[in-house]
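Colleague: Residues per chain, in single letters:
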Amino acid sequence: MGFEDVVSILGSGIRLSVPLILACLAGLWSERSGVVDIGLEGKILVGAFAGAVFAFYTGSAWGGMLGGVIATIFVSLVHGYASIDQRANQIVSGTAINMVSDGLTALIGNAIWSQGGRTPQLPDTALFNEIRLPFVETLAPVPVLGPIYKHLISGHDIITYAAFAFVPLTYWALYSTRFGLRLRAVGENPAAVDTAGISVRGLRYSAVVICGVLVGLSGVYLSVSQAAYFQPHMSAGKGFIALAALVFAKWRPWPALATCLLFGILDALATRLQGTVLPGIGAVPVQAIQSLPYILTVVLLAGFIGKAIPPKASGIPYVKER
Amino acid sequence: MSNPLRPLPQWADVALIPLLNVAAAFFISGLVVLAIGENPIEAVKLLIVGALGDLEGIGFTLYYATSFIFTGLAVAVCFHAGLFNIGVEGQAYVAGLGAALVALYCQFLPGYSLVVVAIAAGALFGAAFAAIPGYLQAKRDSHIVITTIMFNYIASALMGYLVVNILRVPGQMNAETAPFPAKGQVPQFHEILNKFGFDWPVTPFNLSFLLALACAFAVWVLIWRTRLGYEIRTVGANPVAAVYGGISPARITIITTLISGGLAGGMAANVILGEEHRLILEYTAGFGFVGIAVALMGRAHPVGIILASILFGILYQGGAELAFDKPKISRDMIIVIQGFVVLFAGGLEHMFRRPVATLLARRTSSPPI
Chain S
1 MGFEDVVSIL
11 GSGIRLSVPL
21 ILACLAGLWS
31 ERSGVVDIGL
41 EGKILVGAFA
51 GAVFAFYTGS
61 AWGGMLGGVI
71 ATIFVSLVHG
81 YASIDQRANQ
91 IVSGTAINMV
101 SDGLTALIGN
111 AIWSQGGRTP
121 QLPDTALFNE
131 IRLPFVETLA
141 PVPVLGPIYK
151 HLISGHDIIT
161 YAAFAFVPLT
171 YWALYSTRFG
181 LRLRAVGENP
191 AAVDTAGISV
201 RGLRYSAVVI
211 CGVLVGLSGV
221 YLSVSQAAYF
231 QPHMSAGKGF
241 IALAALVFAK
251 WRPWPALATC
261 LLFGILDALA
271 TRLQGTVLPG
281 IGAVPVQAIQ
291 SLPYILTVVL
301 LAGFIGKAIP
311 PKASGIPYVK
321 ER
Chain C
1001 MSNPLRPLPQ
1011 WADVALIPLL
1021 NVAAAFFISG
1031 LVVLAIGENP
1041 IEAVKLLIVG
1051 ALGDLEGIGF
1061 TLYYATSFIF
1071 TGLAVAVCFH
1081 AGLFNIGVEG
1091 QAYVAGLGAA
1101 LVALYCQFLP
1111 GYSLVVVAIA
1121 AGALFGAAFA
1131 AIPGYLQAKR
1141 DSHIVITTIM
1151 FNYIASALMG
1161 YLVVNILRVP
1171 GQMNAETAPF
1181 PAKGQVPQFH
1191 EILNKFGFDW
1201 PVTPFNLSFL
1211 LALACAFAVW
1221 VLIWRTRLGY
1231 EIRTVGANPV
1241 AAVYGGISPA
1251 RITIITTLIS
1261 GGLAGGMAAN
1271 VILGEEHRLI
1281 LEYTAGFGFV
1291 GIAVALMGRA
1301 HPVGIILASI
1311 LFGILYQGGA
1321 ELAFDKPKIS
1331 RDMIIVIQGF
1341 VVLFAGGLEH
1351 MFRRPVATLL
1361 ARRTSSPPI
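Chains as they are written, first to last, in the working numbering: chain S, 1 to 322; chain C, 1001 to 1369.
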């Protein structure tokens, strides 16, 4: 495997990690406020479906993005209403979101276009295009740096750059603003926040909406940037990998980015190594690489490599004292 | 949101609220059918005729229901201990491996003892696969929801590797094992009935149904009539009080997940040994997740679970027929209904409690002075 191959694997690793980063940050916002979200998988599907539908009818990628994000905010609010106002079991509510989203996107897609749930191919004008950063061609002949700049740093679409920008933004908002401090507090000790006269409900609802925006972008990326159509079940477990990454990153933004990149590159590696025979090992069992994110997360959860401790109040509905 | 609720009368708690929740789920599903331009009443008619209109439909309905009883019981047993086992799908999948290994490689076993051992091996594999998340929850404090989700994917990867790369018959295109011998199969009802002279159409409905009913009864005895069941319910209600009462929550957690995984393994008896007669890729087809809906709808009680399983059996069989007649209402509609049932019977289960309580209080309490 030469340098070119490494760059190409890293490049597709970055592309595969974008939906993970967005979904993982979405889960981070929600869970840091105390609302556990295992419905990320379903919300990605809703974002992807609504994104494709709106991009198709408006003929614009931005229209698709807007439609996709509004749809996932709505789904997030349903989960929020169950978790915050109805004090539901948040795991059950998230499971319901996953099922309804999985079924509904396929059902509606099939009812409109009768292609087994697939939407028509989006025209090029309704897609987010690659952005070529300046000096790509000037730097191209430079060894090592040239290909890295051309294939890894330049040539991605707007959602990719946004996803990477959301990491420092989330870090700043959570750790350096008053809103972020309160939001983290509400996930650890809502009673204390309530005593200070700040609305627990309001904070949790805003976290749920932020979660909806981010996870919606994750879905829109799949259909409007990557595939140019929506297909049933196209999230293929990405929401759960994002959840695993969130646990693995111990609910912190920068480690979340690193974990999602790692999982994305593992995915690219698994695709690349399919069918290749390594000397001494034999045929690579692709399934082993594919299940690595899940195994790593379980090992971490078991406390064998550090300890993953979730926000203290996550999953527990807040009941105001009577 | 201020004055505390007065407790509801028992009939409302046990029957009215669950019925309202399920009715809401079906009402919203009806609106979905309307929204995609079909007539919900007509759809329900087609669905019921497809599921219960003839003996063939009934056979398929009960065949699906059998799987749901197993997965529903598996989820419900964990509910009683306060655990949410989302991993029933993976546990049932791995159970298929145990059943297939015995049916294929233990053919020295005489007569029908082969299929009995195969069923036991399925339950054992299911339990073993559930044991790891159970142990991690009990001893290492790893949340069972996250670990069982991860284990579903680990099961999928592991089984994919084993079926495609190791167990597949050489030269065979389909990813499946060799067929089981006749003595490694659970007999189907039509075979038995034909022997006695009754004419029943060929359906996959098999004796596993009786095993499922027996398991439902056993779960009822376990939860409400044994000391272990009492301990399970105590840990579920209040782990701290359980410790004070001399019960070890860690021990109960492990035992409960083992029982749950074993029950999930029953699905292998129904599908792998009873119908497919070979191990195929992704044979569980999401039925482990249906168990969540069934357990919530049946209020984690075996009788409720059997009824909910039959309802979902009707939905799966009738839904297939419906999708044939009305291509717009594809089988995804069943997943939608299932999701709404989980949402209204689980997530929003208290939504109707306040209105119902207010209504009942107004009717029963006499006005002041």
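These are calculated hints, taken from the structure and not from any lab test.
Among these hints, one or two may not hold up.
What the hints assert, rightly or not - 25 Å max Cα-Cα, derived SDA-like pairs, lysine to any residue:
hint: 1; chain 1: S; residue 1: Lys312; chain 2: C; residue 2: Phe1196
hint: 2; chain 1: S; residue 1: Lys150; chain 2: S; residue 2: Leu300
hint: 3; chain 1: C; residue 1: Lys1183; chain 2: C; residue 2: Leu1193
hint: 4; chain 1: S; residue 1: Lys320; chain 2: C; residue 2: Lys1139
hint: 5; chain 1: C; residue 1: Lys1045; chain 2: S; residue 2: Ser114
hint: 6; chain 1: S; residue 1: Lys320; chain 2: C; residue 2: Leu1034
hint: 7; chain 1: S; residue 1: Lys312; chain 2: C; residue 2: Lys1139
hint: 8; chain 1: C; residue 1: Lys1326; chain 2: C; residue 2: Glu1056
hint: 9; chain 1: S; residue 1: Lys320; chain 2: S; residue 2: Arg87
hint: 10; chain 1: S; residue 1: Lys320; chain 2: C; residue 2: Phe1352
hint: 11; chain 1: C; residue 1: Lys1326; chain 2: C; residue 2: Lys1139
hint: 12; chain 1: C; residue 1: Lys1139; chain 2: S; residue 2: Arg87
hint: 13; chain 1: C; residue 1: Lys1328; chain 2: C; residue 2: Gly1082
hint: 14; chain 1: C; residue 1: Lys1139; chain 2: C; residue 2: Glu1056
hint: 15; chain 1: C; residue 1: Lys1045; chain 2: S; residue 2: Leu10
Claimed, not checked - Short derived list, chain C residues pointing at chain S, Cβ under 8 Å:
hint: 16; residue: Met1150
hint: 17; residue: Tyr1153
hint: 18; residue: Ala1182
hint: 19; residue: Phe1289
hint: 20; residue: Leu1296
hint: 21; residue: Lys1328
hint: 22; residue: Ile1335
hint: 23; residue: Leu1348
hint: 24; residue: Met1351
hint: 25; residue: Val1356
hint: 26; residue: Thr1358
hint: 27; residue: Leu1359
C-beta atoms are modelled at their ideal positions from N, C-alpha and C, and glycine is treated no differently.
Colleague: Indicate, hint by hint, whether the structure satisfies it.
Modeller: The hints, checked one at a time:
1. S:Lys312 with C:Phe1196: violated (63 Å)
2. S:Lys150 with S:Leu300: violated (36 Å)
3. C:Lys1183 with C:Leu1193: holds (18 Å)
4. S:Lys320 with C:Lys1139: Violated, at roughly 33 Å.
5. C:Lys1045 with S:Ser114: holds (23 Å)
6. S:Lys320 with C:Leu1034: Roughly 40 Å between the alpha carbons, so the hint for Lys320 of chain S and Leu1034 of chain C is violated.
7. S:Lys312 with C:Lys1139: It holds: about 19 Å lies between the C-alpha atoms, which stays within 25 Å.
8. C:Lys1326 with C:Glu1056: Holds, at about 20 Å.
9. S:Lys320 with S:Arg87: At roughly 11 Å apart (the allowed maximum being 25 Å), Arg87 of chain S and Lys320 of chain S satisfy the hint.
10. S:Lys320 with C:Phe1352: Roughly 20 Å separates the two Cα atoms, so the pair holds.
11. C:Lys1326 with C:Lys1139: violated (52 Å)
12. C:Lys1139 with S:Arg87: Not satisfied, since the Cα-Cα distance of roughly 29 Å exceeds 25 Å.
13. C:Lys1328 with C:Gly1082: violated (40 Å)
14. C:Lys1139 with C:Glu1056: Outside the cut-off at roughly 49 Å; violated.
15. C:Lys1045 with S:Leu10: violated (55 Å)
16. Met1150: holds (4 Å)
17. Tyr1153: Result: holds, 5 Å to nearest chain S Cβ.
18. Ala1182: violated (33 Å)
19. Phe1289: Holds - the Cβ of Phe1289 of chain C comes within 8 Å of chain S, reaching about 7 Å at its closest.
20. Leu1296: holds (7 Å)
21. Lys1328: holds (5 Å)
22. Ile1335: holds (3 Å)
23. Leu1348: holds (5 Å)
24. Met1351: holds (6 Å)
25. Val1356: Because about 14 Å separates Val1356 of chain C from the closest Cβ in chain S, which is outside the 8 Å limit, the hint is violated.
26. Thr1358: Nearest chain S Cβ about 16 Å off; hint violated.
27. Leu1359: Where the cut-off is 8 Å and the nearest Cβ of chain S is about 18 Å from Leu1359 of chain C, the hint is violated.
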